[in-house]
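Given these sequences and hints, build the entire structure.
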Amino acid sequence: MEKTYDPKHIEQDLYTHWENQGYFSPQDNNKASYCIMIPPPNVTGTLHMGHAFQDTIMDALIRYHRMKGNNTLWQPGMDHAGIATQMVVERQLNAEGKNRHDLGRDKFIQRVWDWKETSGGQITQQLRRLGASPDWSRERFTMDDGLSESVKDVFIQLYDEGLIYRGKRLVNWDPVLHTALSDIEVIAEEEEGFMHHVMYPFVEGEGFMEIATTRPETILADGALAVSPNDPRYSAFIGKYVWVPMTERKIPIVEDDYVDPEFGTGCVKITPAHDFNDWEVGQRHKMEIINLFTPSAIMNNNAPEAYRGMDRFVARKKILEDLDAAGLLVKIEPHKLKPPRGDRSGEIIEPYLTDQWYVKVAPLAEPAIDAVKTGRIKFVPDNYKNMYFSWMNDIQDWCISRQLWWGHRIPAWYDDVNNEIYVGKTEADVREKHTLGNDIILRQDEDVLDTWFSSALWPFSTLGWPEKTEALKTWYPTNVLVTGFDIIFFWVARMIMFGLKFMDGEVPFKEVYMHGLVRDGDGQKMSKSKGNVIDPLDVIDGITLDDLLVKRSSNMMQPHLAKKIKKATQRQFPNGIPAYGTDALRFTFASQASNGRDIRFDLQRIEGNRNFCNKLWNAARYVLMQTEGKDVGLNKNEKIRSLADDWILSKLQKTTQAVSKHFANYRFDLAAKALYEFTWHEYCDWYLELSKPILFSDQTRDAEKRGTRHTLVQVFETLLRLLHPIMPFITEEIWQTLKPLSGQTGDTIMLTPYPETETTLINTEANQQLEWVKTFIIGIRKIRAEMDIKPSKALPILLQNWTETDKQHFEHHQIFINALAKIERADWLTEESNAPEAATALVGEMKVLIPLAGLIDKATETARLTKAIEKIQKGLSSLAGRLNNPNFTDKAPTKVVEQVRQQAEQQKVALAQLEEQLTKIKAM
RNA sequence: AGGCUCGUAGCUCAGUUGGUUAGAGCACCACCUUGACAUGGUGGGGGUCGGUGAUUCGAAUUCACUCGAGCCUACCA
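Going by the numbering used here, the letters in the first sequence line up with residues 1012 to 1935, in that order.
Keep in mind that the hints were calculated from the coordinates and are not lab data.
The beta-carbon is built from N, C-alpha and C at its ideal position, and this holds for glycine as well.
Just to be clear, a hint being listed does not mean it is correct.
Said to hold, decoys possible - Taking CB as the label site, the calculated pair distances span: (1) Arg-1102 x Glu-1443: 40 to 48 Å; (2) Thr-1555 x Lys-1869: 54 to 62 Å; (3) Met-1798 x Gln-1914: 23 to 31 Å; (4) Asp-1497 x Glu-1215: 50 to 58 Å; (5) Glu-1128 x Gly-1534: 36 to 44 Å; (6) Gly-1178 x His-1296: 15 to 23 Å; (7) Arg-1102 x Gln-1747: 41 to 49 Å; (8) Lys-1384 x Gln-1023: 44 to 52 Å.
Claimed, not checked - Within a straight-line C-alpha distance of at most 27 Å, the following computed DSS-like cross-link-like pairs (lysine-lysine) qualify: (9) Lys-1163 x Lys-1436; (10) Lys-1750 x Lys-1079; (11) Lys-1818 x Lys-1931; (12) Lys-1521 x Lys-1389; (13) Lys-1118 x Lys-1436; (14) Lys-1539 x Lys-1347; (15) Lys-1541 x Lys-1347; (16) Lys-1931 x Lys-1919; (17) Lys-1512 x Lys-1479.
Take a look at the structure:
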């Protein structure tokens, strides 16, 4: 093995080997199954920190259960990302001076498929770099044949049951992408804008009604003015008419509860075709509905001639000028508003009147709510269910049609002559089903379905539904969904609804683990436009500052931010990012994954965990050096275990127990912590050091050496298996080297059983004794450090106030103490004998004395003792305070009182010892 | 407006059903190239747990109020 750990040299080859060997496929159909569906990443997507975090968690769970012996499937795949993918290919066409209409639908779709084959799905390659172990042989794509069939089946069934319908109503319309969007694809964030106050003249008599609006251009399509029914200012005007400014139209003044008399002027213009609320009001009052816009949000022929052909924002300017000129513009005030923007295009969305397909969700939502209420689906952390309920209880119908070409085309045909809609798998099916002769011309709906419609089927469509496949039987319902809370409505809720509907009331997953967001070092959300994203591969492979700057400033959506981004990057990564390797990154993610909290990306934490890898690596080197070519006790030769052996075996069991518990609770942070603590502070800091005197000394017997070598290897090999789900590469690499010494015979650590706790090895006695040894050693080390005594200097020690047990412990374990505390010799003082001037350490009630002669400064020891005494006194006074309080002794459980009493006793003795020593030293 | 989360050492975070003197990693200080590891070893300094109040023998932990940060949902004419 190399002297230092270098992830670059090991990771990629191991991964290729694993994949080629088919280790990622389910192993044994007779075992209990375990299944996770990957949230299908977007086919246009590339790996970001959020994926890396999420995939680390899923892979850890998968590897853990695979090693536990479950018949484990991690189902990979991607979704076709309708809008995003179409945009990518359209951009390419634009660059060639063409658009999709030049190609026509079929050729365009072919072009998208070509793009998908050559450039799509980069992310699956990147996933491999993370060590992810899904069954690639089962990879699915939402647009592949099988999944497309499922989509049709679902659509047809829902239509037949009346749960899918076609309707003309307002939708969120993206005037740039020319498609409808569902509510959750629209983002409303606060922006600076204006409130315009406009007067509408009365048709009869003098005077005006004043309204306030943020969208003056829609005045042209007003259907009424509305006031609150109980507003005394306006009650006299209800039923009267006003002129719509800049038009020849008269509209009534109506009363409606929708109006808040406190807001603005208390009088609202109602524009049914261009506002969702106004639409409702319009329906109630049967108003004229005027649509002003073309699909590109350009004024159409319904607008007065002066405005026709103008973009909506140009028209706004123009109408404001005209209103002003007509003396109808009262004032314009700055106003904060939240314009709805499309999450893909970033354009302001228009409420727009079109024909669309909808899913009637209320009937589907009911059982979906119930599944969570009754605990058949559990959210982790639990509180996310509130979010789920609040949305599900007030769910809106889902607009599923999209005016795109890339996607699942809606399986509906129109007979324009008879104005009929037929839904079926193919045109032929439809004709047969409805006995339509060839003389009837059918036209298929031009639109495609929302990508999330197919994603909602993911947990069962990937397993072969609607066929009743073996895979479905084996892995549905899946065990856990690992995802971010941001798609709880987009995806999680819809999978639950469709799963219950189409899988005979069976939930798609039993648990939903919600992880937090990965933020940058300043706690900012990472986003491409902010230029603060980090490519996980750059953390794995490293990147120079210059390259990082180039990467972050190319392809920017807002070039004016370039300077700011450059500065922030230079501040956060003055030296770029060193190559930390996948295992360090994964371990860091795991150690941050607590209770769904957001995590901050912190290079120093990754560095610490890279060092942890190095520690593990070097421990392996030590183990190898001590065992390679030697008798490691795999034969029948006698083995004697030392105290250290018993102790580390016991600690190992505790660690195994803890890790299992934490995996079960999705507390990867605690699992990682337990493993770190054991590896570094128990195995390396103590056990390896304690093994040295046994292995290096000529005083110890072969059987003892053999016992220690055996423990050394066995514990380490077990540790590797414990760590493997989190750090797959380094553990496999070392494991392969260690395999012959450990007696393991498997081909790979990833298919070797996960360690189980062996309760018989939990050894309280050994633990207590080793604690005694540690206290002894630490006591002497402290004196050395504080007295500036070189570690190389062997010390004579004196023992005072000891018990027979102390003496026995010392005699049995002297070999450890000698080696780790470097003792020259030890003298056991009787009660009568006088000790010389010495520095003191306590082991229980026993005093360990190091004579000062020539080594130690009296003043330093005095100060040291004083400090120790003060510390104990402080603790003691708090303990005594409680014991002297009758309320405490009467009311607290006796167990606690007893504990405190004992504690106080011990402290008193220790205090007495130290005080005695202090008096002595002072007197000398 | 309603709901949720968070506020613990300089930084990033743990803290299980309230119970010893509140922990870890990183950073910091001192010493040490000791035969796995300087990506290391040994020892050390550092916080009273956002604030106020309440419950309790006992509160970082429960409750109320409050300040600050963030998120979600709804409304914003």
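query = Does the structure break any of the earlier hints, and which numbers would those be?
reply = none
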